[in-house]
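Participant: Here the first sequence is numbered in the working numbering, starting from 13 and rising by one per residue.
Take every hint as true, because none was put in to throw you off.
Straight-line Cα separation of at most 20 Å, EDC-like style, residue types lysine to aspartate or glutamate; simulated pairs:
{"hint": "1", "residue 1": "K254", "residue 2": "D98"}
{"hint": "2", "residue 1": "K171", "residue 2": "D202"}
{"hint": "3", "residue 1": "K191", "residue 2": "E174"}
{"hint": "4", "residue 1": "K251", "residue 2": "E99"}
{"hint": "5", "residue 1": "K181", "residue 2": "E142"}
{"hint": "6", "residue 1": "K266", "residue 2": "D212"}
{"hint": "7", "residue 1": "K266", "residue 2": "D246"}
{"hint": "8", "residue 1": "K227", "residue 2": "E217"}
{"hint": "9", "residue 1": "K251", "residue 2": "E107"}
{"hint": "10", "residue 1": "K227", "residue 2": "D246"}
{"hint": "11", "residue 1": "K191", "residue 2": "E176"}
{"hint": "12", "residue 1": "K294", "residue 2": "D26"}
{"hint": "13", "residue 1": "K294", "residue 2": "D246"}
{"hint": "14", "residue 1": "K158", "residue 2": "D43"}
What the hints contain is simulated information worked out from the structure, not anything from laboratory work. Nothing here was measured: the structure is a model prediction, and the numbers come from that model.
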Amino acid sequence: MSSSQAIIAFQDYDLGSTLASGQAFRWTFRDGAWEGVIGTHWVRLSQKPHGIEAERAQPVPEWQWLTHYLQTDVNLAEVLRAFPQDEPLGRSVQECRGLRLLRQDPWECLASFILSSTKQIVQIQQIVGELCTRFGEPVPVPPGHKPFYTFPTAERLAKVTEAELRACKMGFRAPSLLKTSQMITAGEVDLQRLFSLNVDQAHNELLRFRGVGNKIANCVLLFAYGFQQAFPVDVWVMKALKDLYFPQRRPSAKRLARFTSTYFGPYAGYAQQYLFHYMRMKGRLPASSVSSSS
DNA sequence: TCAGACCCTCACAG
DNA sequence: ACTGTGAGGGTCT
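All chains, please: the whole structure from these sequences, using the hints.
Facilitator: As structure tokens, this is what we get:
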């Protein structure tokens with residue numbers, strides 16, 4: 013029974029916060045709904061009182077690809093219960109109610125985060141968009157709608173030149189993405205195989221790629237491979253950790269790693285996302301109140 | 001451990 | 001309008 017529309021009954025899911033929280037970079041909000049591409053599926057998602065409404069350009073037999081991406085079967089209440097009961101995290105959870113983690117394609121996630129280093133989220137979105145437009149394949153969209161593209165495969169990108177990548181405004185990240193594409197195409201690293209490894213082994217495999225350090229490796233482990241204990245530490249989370257948990261003196265890298273891998277529990281990755289989102293929102297408040305008071 | 005380099009773009013002063 | 005400056009979900013040497 014195919015349909016081009018479905019409602020996923022679900023509560024405790026803030027679609028907007030989740031899609032715009034810097035996990036994925038290809039969602040755009042338009043006319044009250046989020047439009048994007050998952051794999052080869054164009055889809056439009058909107059938040060409804062009793063769940064998420066999904067709309068496709070063409071009928072599809074099933075929606076498992078979508079529920080898997082959105083991770084709607086994760087019991088958020090259980091995740092939140094496993095958090096340490098401290099004040100900063102509690103406040104973050106309160107402010108970001110319904111924030112979720114997505115489950116993305118490993119290659120798209122890896123490539124996107126290679127492009128993320130020292131970039132603002134808006135800029136990452138620009139670069140990724142440019143990359144897809146130039147090297148992705150068009151996907152079916154509703155009549156008269158602007159075109160959408162797949163995320164280009166590693167095989168495709170392995171054949172382009174560094175100059176072509178730089179034309180997507182990715183700067184010094186171009187050689188890293190190119191080399192990574194080539195390594196994967198050559199079979200030097202098998203991204204699917206990482207699913208069968210433990211978190212430390214998978215982490216080490218990811219570090220073999222140029223442009224992938226500790227932070228980006230953890231992002232890919234968390235957002236694509238579902239290692240919920242992975243804890244990416246970027247400038248925002250670092251600020252949160254220093255301000256909220258180490259106000260006296262700044263901890264050594266070793267001490268910090270020890271803390272993040274034990275204190276937050278089995279769902280540390282979720283805790284990280286809440287702290288990240290909270291810090292970003294908080295940092296943004298003064299700017300928006302200034303601009304709106306003119 | 002610790003700078004400095006690395007590309008490029010945008011926001012924000014002046 | 002124009003130019004100058006700083007910094008942005010890091011990584012590598």
